[in-house]
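Chemist: So the sequences go chain by chain: P and H. Quick note, the first sequence lines up with residues 1 to 363 if you use UniProt numbering. Quick note, the second sequence lines up with residues 1 to 363 if you use UniProt numbering.
Because the hints were derived from the structure by calculation, they are not lab data. Among the clues, some could well be false.
Given that identical chains are not distinguished, each listed pair holds provided it fits within a single copy or across any two copies.
[To be verified] With a cut-off of at most 25 Å between alpha-carbon atoms, the simulated SDA-like pairs for lysine to any residue come out as follows:
id	residue 1	residue 2
1	K178	E47
2	K265	D275
3	K265	G204
4	K36	L222
5	K203	E186
6	K87	R272
7	K178	S97
8	K96	E157
9	K178	I306
10	K203	L174
11	K101	D312
12	K203	D48
13	K203	S144
14	K96	M182
15	K96	P159
16	K293	D275
17	K203	I241
18	K265	G225
19	K36	Y360
The chain contents come next:
2 protein chains.
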Amino acid sequence: MLAAVLRKSEAAMHTGLRSLRSLSSLANNGSCQILKSPPLVSLDLLEDWTCRVDQDRQETASIPNPSNQLTAALIDGKAISEEIRSKIANEVNRMKSSIGKTPGLAVILVGDRRDCQIYVRNKILACEEAGIRSEVVDLRESCSEDDILSALSNFNENPEIHGVLVQLPLPERLDEGKILSMLPLEKDVDGFHPLNMGNLALKGREPLFIPCTPKGCIELLLRSGVEIYGKRAVVIGRSNIVGLPTSLLLQRYHATVTVIHALTKNPEMLAREADIVVAAVGMPNLVRKSWLKPGAVVIDVGTYPIEDSSSDQGYRLLGDVCYGEAINVASAITPVPGGVGPMTVAMLLLNTLESAKRFYDFS
Amino acid sequence: MLAAVLRKSEAAMHTGLRSLRSLSSLANNGSCQILKSPPLVSLDLLEDWTCRVDQDRQETASIPNPSNQLTAALIDGKAISEEIRSKIANEVNRMKSSIGKTPGLAVILVGDRRDCQIYVRNKILACEEAGIRSEVVDLRESCSEDDILSALSNFNENPEIHGVLVQLPLPERLDEGKILSMLPLEKDVDGFHPLNMGNLALKGREPLFIPCTPKGCIELLLRSGVEIYGKRAVVIGRSNIVGLPTSLLLQRYHATVTVIHALTKNPEMLAREADIVVAAVGMPNLVRKSWLKPGAVVIDVGTYPIEDSSSDQGYRLLGDVCYGEAINVASAITPVPGGVGPMTVAMLLLNTLESAKRFYDFS
Numbered sequence: 001m002l003a004a005v006l007r008k009s010e011a012a013m014h015t016g017l018r019s020l021r022s023l024s025s026l027a028n029n030g031s032c033q034i035l036k037s038p039p040l041v042s043l044d045l046l047e048d049w050t051c052r053v054d055q056d057r058q059e060t061a062s063i064p065n066p067s068n069q070l071t072a073a074l075i076d077g078k079a080i081s082e083e084i085r086s087k088i089a090n091e092v093n094r095m096k097s098s099i100g101k102t103p104g105l106a107v108i109l110v111g112d113r114r115d116c117q118i119y120v121r122n123k124i125l126a127c128e129e130a131g132i133r134s135e136v137v138d139l140r141e142s143c144s145e146d147d148i149l150s151a152l153s154n155f156n157e158n159p160e161i162h163g164v165l166v167q168l169p170l171p172e173r174l175d176e177g178k179i180l181s182m183l184p185l186e187k188d189v190d191g192f193h194p195l196n197m198g199n200l201a202l203k204g205r206e207p208l209f210i211p212c213t214p215k216g217c218i219e220l221l222l223r224s225g226v227e228i229y230g231k232r233a234v235v236i237g238r239s240n241i242v243g244l245p246t247s248l249l250l251q252r253y254h255a256t257v258t259v260i261h262a263l264t265k266n267p268e269m270l271a272r273e274a275d276i277v278v279a280a281v282g283m284p285n286l287v288r289k290s291w292l293k294p295g296a297v298v299i300d301v302g303t304y305p306i307e308d309s310s311s312d313q314g315y316r317l318l319g320d321v322c323y324g325e326a327i328n329v330a331s332a333i334t335p336v337p338g339g340v341g342p343m344t345v346a347m348l349l350l351n352t353l354e355s356a357k358r359f360y361d362f363s
Numbered sequence: 001m002l003a004a005v006l007r008k009s010e011a012a013m014h015t016g017l018r019s020l021r022s023l024s025s026l027a028n029n030g031s032c033q034i035l036k037s038p039p040l041v042s043l044d045l046l047e048d049w050t051c052r053v054d055q056d057r058q059e060t061a062s063i064p065n066p067s068n069q070l071t072a073a074l075i076d077g078k079a080i081s082e083e084i085r086s087k088i089a090n091e092v093n094r095m096k097s098s099i100g101k102t103p104g105l106a107v108i109l110v111g112d113r114r115d116c117q118i119y120v121r122n123k124i125l126a127c128e129e130a131g132i133r134s135e136v137v138d139l140r141e142s143c144s145e146d147d148i149l150s151a152l153s154n155f156n157e158n159p160e161i162h163g164v165l166v167q168l169p170l171p172e173r174l175d176e177g178k179i180l181s182m183l184p185l186e187k188d189v190d191g192f193h194p195l196n197m198g199n200l201a202l203k204g205r206e207p208l209f210i211p212c213t214p215k216g217c218i219e220l221l222l223r224s225g226v227e228i229y230g231k232r233a234v235v236i237g238r239s240n241i242v243g244l245p246t247s248l249l250l251q252r253y254h255a256t257v258t259v260i261h262a263l264t265k266n267p268e269m270l271a272r273e274a275d276i277v278v279a280a281v282g283m284p285n286l287v288r289k290s291w292l293k294p295g296a297v298v299i300d301v302g303t304y305p306i307e308d309s310s311s312d313q314g315y316r317l318l319g320d321v322c323y324g325e326a327i328n329v330a331s332a333i334t335p336v337p338g339g340v341g342p343m344t345v346a347m348l349l350l351n352t353l354e355s356a357k358r359f360y361d362f363s
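Start from the sequences and build out the full structure, keeping to the hints where you can.
Modeler: Structure follows, in structure tokens:
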């Protein structure tokens with residue numbers, strides 16, 4: 001079935017390839033005839049691993065097989081993040097009692113996507129629990145770019161706000177790149193500003209903020225005693241917000257990193273060479289046991305909601321990794337939910353705290 | 001012998017590892033106890049592939065073995081770059097005759113490193129040949145950071161200068177990162193500004209300038225009919241100016257990219273999996289035939305000068321790839337000299353021309 005899914009994905013990719021080639025020839029027929037290389041943006045393709053997720057793939061693969069011996073240690077992101085959040089709350093208290101100041105986070109939410117609303121609600125609740133002030137601007141799906149930029153500008157000027165984030169993804173008609181570039185650099189607690197990304201990529205530099213999910217992944221590895229230095233790491237997925245910065249960060253920690261994407265041939269074989277696998281695609285159960293080297297450490301960033309009438313919320317989350325299979329092969333693994341997700345929130349709080357400390361010169 | 005060289009390299013790395021660990025524990029004992037992760041900059045290590053280059057390694061490995069059948073096509077960077085430079089010269093002429101304006105490049109050279117002086121001289125000669133104005137500020141080894149920043153500032157304000165570069169490497173006592181960050185973004189024809197690098201890394205973005213050597217490598221591949229899309233690429237070396245941007249650029253072209261560095265275990269095995277190998281370490285003949293898959297395409301960025309009394313200049317250049325061996329395994333290869341080097345200069349001229357076109361809104 002996997003082969004069939006990947007074939008579908010490849011078919012979609014071939015369509016992409018055709019459009020890429022026509023763009024490329026367009027570029028070469030344009031005014032700049034000096035080079036063969038087309039503009040970079042014309043090379044962008046959707047990361048279309050598959051257009052359809054088979055239902056039985058979702059249902060069966062995540063149930064552990066009780067007849068197999070379970071070997072993987074659980075990397076408990078929930079417990080680790082709670083420990084971190086409790087330390088953050090202490091620091092926030094110390095800041096309040098020392099200088100009478102409170103870190104503040106502002107969130108801009110656009111539209112009524114259910115998952116975005118849940119993420120924002122979780123962030124706000126986490127702020128409250130840690131004693132961090134928070135504000136949400138809730139804009140309609142039909143809002144203009146100017147509405148967002150105006151909200152950004154208000155938060156930019158507000159000295160009581162030390163972190164600003166725009167909940168992604170934005171509605172497609174909006175220019176996400178342009179909007180993220182308008183984030184005030186010193187409040188970019190998501191770390192998505194291209195200058196932060198450049199400073200993450202470059203040796204000898206330090207970004208003001210490291211994106212929360214990648215930072216959370218590294219922290220999970222370090223706290224689980226996983227050595228990154230000199231290890232082979234494979235990052236599956238190359239999104240701007242997870243795959244790319246995670247690969248850059250793993251490289252900063254001296255892993256040898258390969259980024260697998262929808263156009264990679266034999267992703268399974270490549271992933272199987274890795275000591276550390278970070279899956280960040282958003283395709284449920286993509287990573288089966290055949291993708292993992294025995295003893296590999298697996299960080300599953302995927303969170304794909306599927307309907308589940310037996311759950312209180314009416315849905316449950318599936319990761320990119322087939323957990324039931326992986327626990328029999330990996331040496332350690334993060335669950336979904338309860339792995340990377342809570343760490344992302346904890347790192348957001350931490351980035352906000354650090355930003356406030358920087359602003360007030362408080363250490 | 002290679003094993004011995006790498007063992008030496010590893011010994012150097014273990015020293016690095018010790019200092020990394022002590023830095024790491026320092027970070028954890030510091031004021032921020034919330035995370036295990038140390039500051040990123042503390043993770044930086046020298047890319048110390050080897051401390052010593054064996055003389056016989058330099059001497060013997062670059063001579064082709066005439067008894068083997070030669071199979072690799074030569075990727076003639078000199079010829080390709082001449083074609084590009086001639087087109088650039090035509091464009092410069094068209095600009096002059098249409099709007100009476102000339103592109104201008106400024107170079108800041110610090111100290112008296114022979115290789116830097118030669119590189120700068122070549123760039124200036126190439127400018128002259130293409131009809132591009134050029135200026136060089138030649139600062140003493142002992143100059144201050146302020147001297148450099150003041151030169152930068154003058155060029156920044158000069159409307160007849162459309163490209164500014166600081167010849168690297170700078171003397172070690174100077175803060176290269178700080179100086180490069182002061183480059184005016186719209187004149188950063190080397191593309192080393194962190195914002196340019198971030199925009200190169202991020203999908204959906206386009207940097208104002210792509211670093212010259214990586215851009216030259218891609219152009220060599222495209223003009224040689226090498227497909228990058230979907231191929232496995234290995235970049236050996238992760239310098240800020242070549243390895244990193246080349247890996248980002250290959251990924252933009254949808255290769256599956258692995259970056260090999262001095263801490264990679266089994267670099268030979270990993271390189272052998274690649275369809276495209278870009279070697280950018282600066283260690284003569286590091287890449288032997290055992291590092292290459294039959295039919296691989298090899299781009300050799302290394303230029304390591306060794307004394308050679310039989311040469312007019314008193315030295316000759318060695319690449320990172322053992323050319324004499326590689327031509328029997330690869331399907332195509334760039335020579336050193338005459339491969340990537342001339343392309344770097346051509347791309348610098350092109351970036352300067354494009355910058356001037358942007359400034360004058362000339363198309």
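Chemist: None of the hints should be skipped; say for each whether it holds.
Modeler: Outcome of the hint check:
| no. | hint | result |
| --- | --- | --- |
| 1 | K178 to E47 | within (21 Å within a copy, 36 Å between copies) |
| 2 | K265 to D275 | both (20 Å within a copy, 12 Å between copies) |
| 3 | K265 to G204 | between (34 Å within a copy, 23 Å between copies) |
| 4 | K36 to L222 | between (44 Å within a copy, 6 Å between copies) |
| 5 | K203 to E186 | both (20 Å within a copy, 22 Å between copies) |
| 6 | K87 to R272 | neither (37 Å within a copy, 47 Å between copies) |
| 7 | K178 to S97 | neither (39 Å within a copy, 36 Å between copies) |
| 8 | K96 to E157 | within (21 Å within a copy, 46 Å between copies) |
| 9 | K178 to I306 | neither (32 Å within a copy, 49 Å between copies) |
| 10 | K203 to L174 | between (33 Å within a copy, 16 Å between copies) |
| 11 | K101 to D312 | neither (39 Å within a copy, 69 Å between copies) |
| 12 | K203 to D48 | between (31 Å within a copy, 14 Å between copies) |
| 13 | K203 to S144 | between (38 Å within a copy, 23 Å between copies) |
| 14 | K96 to M182 | neither (30 Å within a copy, 37 Å between copies) |
| 15 | K96 to P159 | within (15 Å within a copy, 50 Å between copies) |
| 16 | K293 to D275 | both (7 Å within a copy, 23 Å between copies) |
| 17 | K203 to I241 | both (20 Å within a copy, 10 Å between copies) |
| 18 | K265 to G225 | between (32 Å within a copy, 20 Å between copies) |
| 19 | K36 to Y360 | between (51 Å within a copy, 24 Å between copies) |
Hint violations for this structure: numbers 6, 7, 9, 11, 14, all remaining hints satisfied.
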